[in-house]
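Chemist: Chains as they are written, first to last, in this note's numbering: chain A, 673 to 964; chain B, 5 to 723.
I should point out that these hints are in silico values taken from the structure, not numbers from a laboratory.
Treat the hints with care, as some may be off.
What the hints assert, rightly or not - Only part of the chain B face toward chain A is listed, based on derived beta-carbon distances under 10 Å:
{"id": "1", "residue": "Ile156"}
{"id": "2", "residue": "Leu160"}
{"id": "3", "residue": "Trp210"}
{"id": "4", "residue": "Thr212"}
{"id": "5", "residue": "Val357"}
Built from N, CA and C at the ideal position, the CB exists for glycine as well.
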Amino acid sequence: MPQWISQAQFAGYMVAQEKGFYREAGLDVTHLTGGPGKNCFASLAAEETTFCTGWLSTAILQRAAGLRLVNLAQMIQRSSLLLVAKKSSGIREPKDIENKRVGFWVGDFDAPGLFFLKKHNLRVQVIPNYTTVTVFLTGAVDAVAAMWYNEYHTILNCGFNPDELSVLKFADTGVNFPEDGVYCSEEMFESDPAACLAFAEASLKGWKHAFDHPDETIEIVMRHARDANTGTNVAHQRWMLAAMKDLMTPDGNDEVFGRLSEEDYRRVSEALKEVNLIREIPEYTKFYRGPR
Amino acid sequence: MISWLTDSIVSKITLLVMGGTSAVLGLVLAHSYTSSRDIILRESEQNARNLTLSVARRIEQEFRAVSKVPAGMAEYVEAQAPSSTQNLLDLIRALVANNPEVFGAAVAFEPGGWEKDLAAYAPYFYRTAKGIEYVQLATPAYNYFQMDYYHIPKLLGRPLWTNPYFDEGGGNILMVTYSVPLFWPGDKGEHGDFRGIVTADVSLEWLTELVESIKVAQTGYCFIISDTGQFVTYPNGAYIMSESIFSIAEEQKKPRLREIGRSMIRAGSGFEDIGDALTEQEAFLAFARIPSTGWALGAVFPKHELLAEVTSLHHQTVVWAGFSVALLLLVSILVARSVAKPLLRMADAAEKVGRGELDIDLSDIKTTDEVGQLARSLAHMTEGLKQRDFIRDTFGRYVTRDVVSRLLDSTDGLKLGGESREITLMMSDLRGFTALTSHMKPEDIISFLNRYLGKMVEILLDHRGVIDEIIGDGILAFFGAPEPLPDHPARALACALRMQEAMKEINALNEADGLAHLEMGIAIHTGTVVVGNIGSERRSKYGAVGSAVNFTGRMESYSTGGQVLISQATYDHVADIVTVNKAIGIQMKGIPGTVTLYDVKGIGGPYNVYLSQADETSRPLVPPIDVTVWRLVEKTVQGTGVPALITHASQTSVVVNLCEPVEQWEDLRIRLETLGTESIEGELYGKVVSAERHLDSCTAVVRLTSMSPHVHQYLTKPA
Numbered sequence: 673m674p675q676w677i678s679q680a681q682f683a684g685y686m687v688a689q690e691k692g693f694y695r696e697a698g699l700d701v702t703h704l705t706g707g708p709g710k711n712c713f714a715s716l717a718a719e720e721t722t723f724c725t726g727w728l729s730t731a732i733l734q735r736a737a738g739l740r741l742v743n744l745a746q747m748i749q750r751s752s753l754l755l756v757a758k759k760s761s762g763i764r765e766p767k768d769i770e771n772k773r774v775g776f777w778v779g780d781f782d783a784p785g786l787f788f789l790k791k792h793n794l795r796v797q798v799i800p801n802y803t804t805v806t807v808f809l810t811g812a813v814d815a816v817a818a819m820w821y822n823e824y825h826t827i828l829n830c831g832f833n834p835d836e837l838s839v840l841k842f843a844d845t846g847v848n849f850p851e852d853g854v855y856c857s858e859e860m861f862e863s864d865p866a867a868c869l870a871f872a873e874a875s876l877k878g879w880k881h882a883f884d885h886p887d888e889t890i891e892i893v894m895r896h897a898r899d900a901n902t903g904t905n906v907a908h909q910r911w912m913l914a915a916m917k918d919l920m921t922p923d924g925n926d927e928v929f930g931r932l933s934e935e936d937y938r939r940v941s942e943a944l945k946e947v948n949l950i951r952e953i954p955e956y957t958k959f960y961r962g963p964r
Numbered sequence: 005m006i007s008w009l010t011d012s013i014v015s016k017i018t019l020l021v022m023g024g025t026s027a028v029l030g031l032v033l034a035h036s037y038t039s040s041r042d043i044i045l046r047e048s049e050q051n052a053r054n055l056t057l058s059v060a061r062r063i064e065q066e067f068r069a070v071s072k073v074p075a076g077m078a079e080y081v082e083a084q085a086p087s088s089t090q091n092l093l094d095l096i097r098a099l100v101a102n103n104p105e106v107f108g109a110a111v112a113f114e115p116g117g118w119e120k121d122l123a124a125y126a127p128y129f130y131r132t133a134k135g136i137e138y139v140q141l142a143t144p145a146y147n148y149f150q151m152d153y154y155h156i157p158k159l160l161g162r163p164l165w166t167n168p169y170f171d172e173g174g175g176n177i178l179m180v181t182y183s184v185p186l187f188w189p190g191d192k193g194e195h196g197d198f199r200g201i202v203t204a205d206v207s208l209e210w211l212t213e214l215v216e217s218i219k220v221a222q223t224g225y226c227f228i229i230s231d232t233g234q235f236v237t238y239p240n241g242a243y244i245m246s247e248s249i250f251s252i253a254e255e256q257k258k259p260r261l262r263e264i265g266r267s268m269i270r271a272g273s274g275f276e277d278i279g280d281a282l283t284e285q286e287a288f289l290a291f292a293r294i295p296s297t298g299w300a301l302g303a304v305f306p307k308h309e310l311l312a313e314v315t316s317l318h319h320q321t322v323v324w325a326g327f328s329v330a331l332l333l334l335v336s337i338l339v340a341r342s343v344a345k346p347l348l349r350m351a352d353a354a355e356k357v358g359r360g361e362l363d364i365d366l367s368d369i370k371t372t373d374e375v376g377q378l379a380r381s382l383a384h385m386t387e388g389l390k391q392r393d394f395i396r397d398t399f400g401r402y403v404t405r406d407v408v409s410r411l412l413d414s415t416d417g418l419k420l421g422g423e424s425r426e427i428t429l430m431m432s433d434l435r436g437f438t439a440l441t442s443h444m445k446p447e448d449i450i451s452f453l454n455r456y457l458g459k460m461v462e463i464l465l466d467h468r469g470v471i472d473e474i475i476g477d478g479i480l481a482f483f484g485a486p487e488p489l490p491d492h493p494a495r496a497l498a499c500a501l502r503m504q505e506a507m508k509e510i511n512a513l514n515e516a517d518g519l520a521h522l523e524m525g526i527a528i529h530t531g532t533v534v535v536g537n538i539g540s541e542r543r544s545k546y547g548a549v550g551s552a553v554n555f556t557g558r559m560e561s562y563s564t565g566g567q568v569l570i571s572q573a574t575y576d577h578v579a580d581i582v583t584v585n586k587a588i589g590i591q592m593k594g595i596p597g598t599v600t601l602y603d604v605k606g607i608g609g610p611y612n613v614y615l616s617q618a619d620e621t622s623r624p625l626v627p628p629i630d631v632t633v634w635r636l637v638e639k640t641v642q643g644t645g646v647p648a649l650i651t652h653a654s655q656t657s658v659v660v661n662l663c664e665p666v667e668q669w670e671d672l673r674i675r676l677e678t679l680g681t682e683s684i685e686g687e688l689y690g691k692v693v694s695a696e697r698h699l700d701s702c703t704a705v706v707r708l709t710s711m712s713p714h715v716h717q718y719l720t721k722p723a
């Protein structure tokens with residue numbers, strides 16, 4: 673189960689499924705749909721899904737909280753989170769959002785935002801941010817958290833030009849948390865590590881194929897999006913797929929593709945500990961079981 | 005082809021006229037097209053703006069009307085507070101039932117907004133095929149608090165039209181939700197805390213129908229985009245709710261379309277040339293905003309349809325223009341031909357004139373315009389040429405231009421037919437020339453003669469003399485006809501003196517070229533002769549006949565080199581201004597008595613010409629020069645040579661001692677045998693001016709008329 677609605681953010685899994693990479697690996701995989709109201713890690717705990725995706729920060733929090741999950745592959749290598757404001761609001765740097773209304777996701781996706789505010793010692797009026805960017809468009813918030821590959825482009829395609837927007841990248845302000853990874857329960861991994869690693873490998877193969885065949889991939893993604901009523905369009909998914917390629921192989925670096933470095937893991941864990949979101953840092957080797 | 009273009013006046017005029025007219029017509033057409041296009045465009049723009057504004061206003065009214073339903077409900081709930089849950093549910097059901105445009109309605113409360121212990125409560129009534137159904141929206145799977153229709157009005161504290169969406173349960177109808185916030189009663193009439201919302205789901209079927217029903221030109225269309233650029237209605241159904249004007253712009257890489265989208269959702273209304281940004285063909289877009297929802301209505305006008313009228317009008321104009329140009333072509337060819345035809349005739353005529361055929365007839369060219377003028381000028385020119393030719397034929401080359409023009413200008417014409425008139429005749433001759441030429445190379449003779457005659461003719465013409473004849477070295481000229489010159493005797497005399505003077509110059513040139521030294525004799529006589537055109541049709545000349553002419557010839561034979569002889573008749577005319585060296589009495593055959601001739605030294609008065617005197621001082625030659633002497637009769641050598649001696653010599657004469665007697669006026673040829681110690685080859689010619697007989701010999705003074713250069717050199721050497 674992916675952690676969000678059907679879109680190019682999960683193109684690799686859709687392609688792996690569609691091209692039969694899972695089947696080739698001897699796996700019989702059913703693609704569930706995620707989205708608002710669905711909690712991947714909760715579904716994992718409840719054994720409603722065998723594998724799921726999720727943010728590294730969220731997964732560390734879950735592991736620290738006792739959910740025995742393991743990372744099989746780290747897909748997004750850096751933070752794609754942004755704070756977007758209208759240039760007219762005068763917001764240019766993190767300190768400018770002090771006391772402003774800022775739209776953040778709550779729940780599973782709040783850790784980087786909390787660390788961001790703590791790190792820059794900011795007090796803001798947090799407005800919950802749900803599935804749309806309407807809070808931003810209607811002016812209900814001064815700034816809004818957005819994923820570069822998704823909401824930022826949505827805002828652009830609501831008629832805002834990049835030069836009318838002020839963008840604060842989390843990655844540039846010391847909150848560079850890697851995001852999507854593939855997870856399963858520790859129990860599952862211990863019972864059949866080969867199958868788990870095969871799933872991770874097939875998923876990575878799916879991603880590779882997706883990056884190499886963007887047109888075919890967009891077609892597959894659009895089919896899934898239509899089935900799931902995502903209400904999107906080709907332009908948006910194309911942007912997202914290109915962004916995913918950039919996020920998963922930063923600067924064309926294939927070596928980190930699918931891997932979680934201990935350094936990244938430590939950095940995120942320590943940041944979470946710093947803001948008291950966790951007390952103990954879970955052991956890296958127990959947490960990351962993917963390819964090294 | 006090129007030569008046809010450049011060589012024919014018809015094609016030139018035609019081309020120029022056609023080119024000019026076509027250019028002017030083209031400009032006029034272009035101007036008329038652009039201005040009529042501008043007018044139509046302005047009109048169309050106004051119509052298009054009006055259309056979109058009126059449709060937008062109508063849609064706005066619908067939205068306003070529908071928005072009053074949930075707003076009224078919200079007011080009621082706030083003010084009257086439904087007494088029970090059943091009462092609330094009845095109200096919502098009635099709202100749906102009574103408002104056919106409302107597809108469904110809900111009242112969704114904040115936690116505790118309806119009953120204190122209810123964390124979520126949102127009753128919803130909606131239409132189905134079976135009738136109005138009820139459902140509770142608050143379920144664990146559906147968190148209405150997170151929905152835009154709830155969340156945003158709560159944040160903003162004001163009503164909101166949501167983005168449109170397809171209703172999945174109700175048969176895929178395009179819907180939009182109007183959501184009005186509910187507040188707890190506050191103090192002093194102000195709002196209290198947020199309590200929840202009242203929503204009305206409105207089907208947009210009417211909107212789709214309305215927009216589709218608007219006819220825009222033939223193939224134009226209307227569409228609506230939401231305030232985020234999403235297509236709400238569009239002919240291509242696939243766009244609706246999935247694509248936005250911006251996503252299409254991005255996918256089709258049309259930045260212009262993105263700009264258009266931004267204008268549509270930001271400006272109140274507008275009209276833009278959108279090129280092919282939205283359609284395959286070029287089009288204009290008129291748009292107007294629908295204020296309630298922030299949506300924008302656009303109307304696409306295909307350009308070619310908008311301009312169809314102008315284009316068809318323009319096509320007609322172009323056809324007419326083409327027709328006019330063709331007509332003009334015909335006319336200009338006719339005009340050009342009417343010009344070219346007489347021109348060609350004249351060209352032919354001029355060609356004939358060039359060949360010397362002066363009998364041309366251009367009388368059929370009767371126009372009075374410039375072409376006619378040219379024809380008349382040509383005829384006039386030919387007439388002039390004819391006259392000039394006549395005068396040329398008559399006077400030869402040897403009359404001055406002055407004389408010619410005077411003759412031509414004299415209105416009474418030239419009396420060339422023959423008349424008796426007193427004129428002065430002049431005859432000149434080079435002494436000994438004929439004999440001399442027998443030893444010269446032909447080309448030397450010609451260059452010699454040309455140099456001599458050229459100079460003499462020039463002087464004659466300067467004095468307005470008419471040259472009757474040039475035979476070899478002899479010239480016969482006269483003064484006083486055909487133009488009357490009252491001073492013809494003096495004029496002739498002055499001319500003769502100048503001719504003699506010129507001989508010095510000619511001799512200097514001749515000597516430099518190694519040619520013989522020559523002397524010229526001139527005789528002048530005034531008498532009455534008959535002058536006129538003498539000759540046949542084919543060749544005639546203006547000349548003089550009469551005894552005076554013959555007399556002049558005879559006189560001339562008595563002249564020696566460097567001498568100008570005038571007759572008594574001439575002398576009588578110029579007596580008061582003439583200076584004479586001496587008078588010479590001559591017995592002429594056939595003329596009784598002595599004829600007196602005057603050897604002239606010069607003439608005064610206005611003419612003032614005097615011959616420079618040659619050094620005639622004789623010096624004795626010791627020893628004398630042995631020579632052989634021949635007599636010349638009629639310019640040819642007679643008999644055998646006689647040995648003789650030259651005892652004295654001056655620059656102009658020698659004294660010869662010979663054993664045979666010679667007569668005065670006899671011409672002699674003298675060959676030098678020895679010349680002192682030097683041996684000089686050469687010969688002299690001369691005329692005996694006096695002879696003295698002795699017993700067995702004779703002493704003669706011989707005036708020299710020509711001599712070889714060496715001899716001349718020797719004689720002119722200072723003593």
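Chemist: Each hint should be assessed against the structure and marked as holding or not.
Modeler: Evaluation of the provided hints:
With a cut of 10 Å, the hint placing isoleucine 156 of chain B at the interface with chain A holds, because the nearest CB-to-CB distance is about 5 Å. Hint on leucine 160 of chain B holds. Least Cβ distance to chain A is approximately 5 Å, under the 10 Å limit. Because the closest C-beta pair between tryptophan 210 of chain B and chain A is about 22 Å apart, greater than 10 Å, the hint is violated. Interface restraint check: threonine 212 of chain B against chain A, minimum CB-CB distance 18 Å, threshold 10 Å, status violated.
Nearest Cβ of chain A to the Cβ of valine 357 of chain B: about 86 Å, over the 10 Å cut. The hint is violated.
The structure fails to meet hints 3, 4, 5 from the earlier list, while all remaining hints are met.
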